[in-house]
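One letter stands for each residue in the lines below.
There are 2 protein chains.
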Amino acid sequence: MTAEIICVGTELLLGDILNTNCHYLAQELAALGIPHYYQTVVGDNVARIHQVLEIAIKRSSILIFTGGLGPTPDDLTTEAIADYFQTPLEERSEVIDDIAQKFAKIGRKMISSNRKQALIPVGANILPNPTGTAPGMIWQIASNPDPVTILTFPGVPSEMQRMWQDTAIPFFKSLGWGQDIIYSKMLRFRGIGESSLAEKVNHLFKLTNPTVAPYASKGEVRLRISAKAPSEAEAIALIEPVAHQIQEIAGLDYFGTNEQSLTSVVGQLLRDRKETLAVAESCTGGGLGAILTEIPGSSDYFRGGVIAYANEVKQSLLQVSGDDLAQFGAVSDPVAQQMAIGVKKALNTSWGISITGIAGPGGGTEEKPVGLIYIGLASPDGTVESFEYRLGNVRGRSLNRHLTVCNALDLLRRKILIISTFIRI
Amino acid sequence: MTAEIICVGTELLLGDILNTNCHYLAQELAALGIPHYYQTVVGDNVARIHQVLEIAIKRSSILIFTGGLGPTPDDLTTEAIADYFQTPLEERSEVIDDIAQKFAKIGRKMISSNRKQALIPVGANILPNPTGTAPGMIWQIASNPDPVTILTFPGVPSEMQRMWQDTAIPFFKSLGWGQDIIYSKMLRFRGIGESSLAEKVNHLFKLTNPTVAPYASKGEVRLRISAKAPSEAEAIALIEPVAHQIQEIAGLDYFGTNEQSLTSVVGQLLRDRKETLAVAESCTGGGLGAILTEIPGSSDYFRGGVIAYANEVKQSLLQVSGDDLAQFGAVSDPVAQQMAIGVKKALNTSWGISITGIAGPGGGTEEKPVGLIYIGLASPDGTVESFEYRLGNVRGRSLNRHLTVCNALDLLRRKILIISTFIRI
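Protein chains in written order, with the working numbering: chain A, 56 to 480; chain B, 56 to 480.
Treat the hints with care, as some may be off.
Stated by the list, open to error - Cβ pair distances, simulated, as ranges: (1) A/Gly-88 / B/Glu-289: 34 to 44 Å; (2) B/Pro-416 / A/Asp-327: 14 to 24 Å; (3) B/Lys-255 / A/Gly-88: 25 to 35 Å; (4) A/Ala-381 / B/Ser-148: 46 to 56 Å; (5) A/Leu-262 / B/Glu-289: 25 to 35 Å; (6) A/Asn-257 / B/Asp-221: 55 to 65 Å; (7) A/Lys-261 / B/Gln-220: 52 to 62 Å; (8) B/Gln-220 / A/Ala-381: 14 to 24 Å; (9) A/Lys-255 / B/Lys-255: 37 to 47 Å; (10) A/Ser-286 / B/Ala-85: 21 to 31 Å; (11) A/Phe-260 / B/Ala-102: 10 to 20 Å; (12) B/Ala-85 / A/Ser-475: 29 to 39 Å; (13) A/Glu-287 / B/Ala-102: 45 to 55 Å.
Stated by the list, open to error - Below, a list of computed lysine to any residue pairs in the SDA-like style, where the Cα atoms sit at most 20 Å apart: (14) A/Lys-255 / B/Thr-127; (15) A/Lys-113 / B/His-105; (16) B/Lys-157 / A/Lys-113.
Unchecked claim - Here are some chain A residues the structure puts well away from chain B; computed CB gaps all over 12 Å: (17) Gly-162; (18) Leu-252; (19) Asn-366; (20) Gly-451.
These are computed hints drawn from the structure, not numbers from a lab.
Virtual Cβ for every residue (Gly too), placed ideally from N, Cα, C.
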């Protein structure tokens, strides 16, 4: 038994709306453990809906339709389905009553076009719509050569979702689905490329339960471990040994699970150590401070910083040497180090991080090209280091800035972990 | 000739990601005038990709694939397509060179799994990927009983979009599509709700060429004016009178067109007036500085600022009175005003903007609830004002912070426009 999602709506083909319904239903089917291999979008057109049905009933036994249940003439889904199975439509009085009541509640009268929404194929059950006027249906067509079950939902996401939760989930559970749950854990990595990580854990991609699959996203790589089991505890028991194995292989490149971010991991490390942080930002203009303060409660460890976009600000608020600015330039190791020390001192914190660089697209020279970034890190013990990055000019200003903020967080994370391990030994 | 979009990726079936690629491509096909009746999503599985191809080539003559071009073993799209048409794959040296160069630029070595991305069916043309390692292809298969053209794109939206714009659009135009162009102008508004603006311009929604349609997005409202005409100049001639009419109706609530943002509009105003700006941020933690410096060249007018997350920083770097902090609290008119004056003085700028507030979800009291924000504005003439906002607790921390940054930019924009008009009179 496999399911197929069929979204009906010319507005989807024209790109007027984003297909969030398909995304929602895909997640819900995965959660119930119902296999689902195809999604189709088709316009408000009876002949083409018939074509799609013809294909779908050959390969799937549960067809989930969204869209095309409204009162206007271009809403054709119910009609097209009934027609395909040569089944007449009948007006359901309970639907008429329900629609009339809903209109009465908002002081309006039901109009004749709404009567259309009460037409349901003979033999189908109504799938009630508590928040809108368009009901759906659950139609188990045993007479078909391959038995098929059709569910229809309106296209309005909030109505569809409520109907799914209230009626469809209990229906599928009564058929025995959703007994085995699918549970996933996402592991997040930084400082290693997708292909390099994939090579290291290649042997795990062949596992079947749990499965391991890679995902790339901006500035990090993720591996998803998914297990199918009768309970969450049993799924976790399948996942954890594999997760530990991957974490061992990845070492410091592993930074957290899905609920964690580089920012939250760094924040927790600082909180645990009762240490504070200040930032000095040039080319990121406040982006590092902004991401640190996305976390509620970040005031426990984050005190603030200086956005030193102009060189004069680097001198006046961060005590960067004017001579060094002249000699080495604003984008240099010495200036990054002095910015980190300066902000640590000015804000009286345990740690100071600084960023200075050329985000692009302009401002690069042969010696100092676009993408050249220095990150300074002043530690609680009074030492200071700086790190050079060459991000290049291909990714664009915005991504260069984002990666730089992530690099700064990751440097601090690695530094704290290395210090902690050292102390522990 | 009709097109069909086929998105390949098990992550789409599992509901891990939202299918924004399909939405983008649907809009682009509509803009080119290429009819498109079906969209299909299928997993990373050769047999099922074959099934989908079998169906699609019977009903569509242009197949647009996204996803499954990466270096890992589950990326099977190219292989599955070549196999279906019984065409061998060949390694293209220009792709190998391109990938190697991209790796070299970021100081890494190409690894063996990337070689897979250089395998393209014999007879297919490469569709270059300027920003990533996975190229696509344009394959015109004349030998097929019904001639079919296949285009493939990687699943990463930014890469796919760039490839579409750079190569696919010129390709389709060379085939005669997109001669009547659809040209749009987006007008952007701030400080007025979608329904209020809609009421004011209601009479324009009935127009057919150009059409006027509203879009709501985070922190602003947009109206899109679209015209269809044989040339861009003719489309613009249809659009401009309507755009002017709307701008007159909206007054100061209109801030720019699509290429403009609040940030770029404010930046241009400051640049024109040869004025400079500094920011003092508490609850936004650097978000205002970060958005101001998204714009290349913002150093012309933005000098930097102070992230004064802790109260001690407000006192030490911004000279906020400790007595006032104690008496009125950090989230208050007097503190916002002193922060704005303080940062203007410390960074020696024409303007100082400050933000202090309770972003949530915690930290609110009955007197000072979550969402209470004060924005201070110190002007070149030495005056200072502050503005109170009550954003409430329903939108969440992230949106409250975003709206606050937008409010700060908008305050400065309105202030400068009012001053300029006054001087002009």
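Legend entry - Hints breached by this structure: Violated hints (numbers, rising): 1, 3, 5, 6, 7, 8, 9, 10, 12, 13, 16, 18, 19, 20; every other hint is consistent with the structure.
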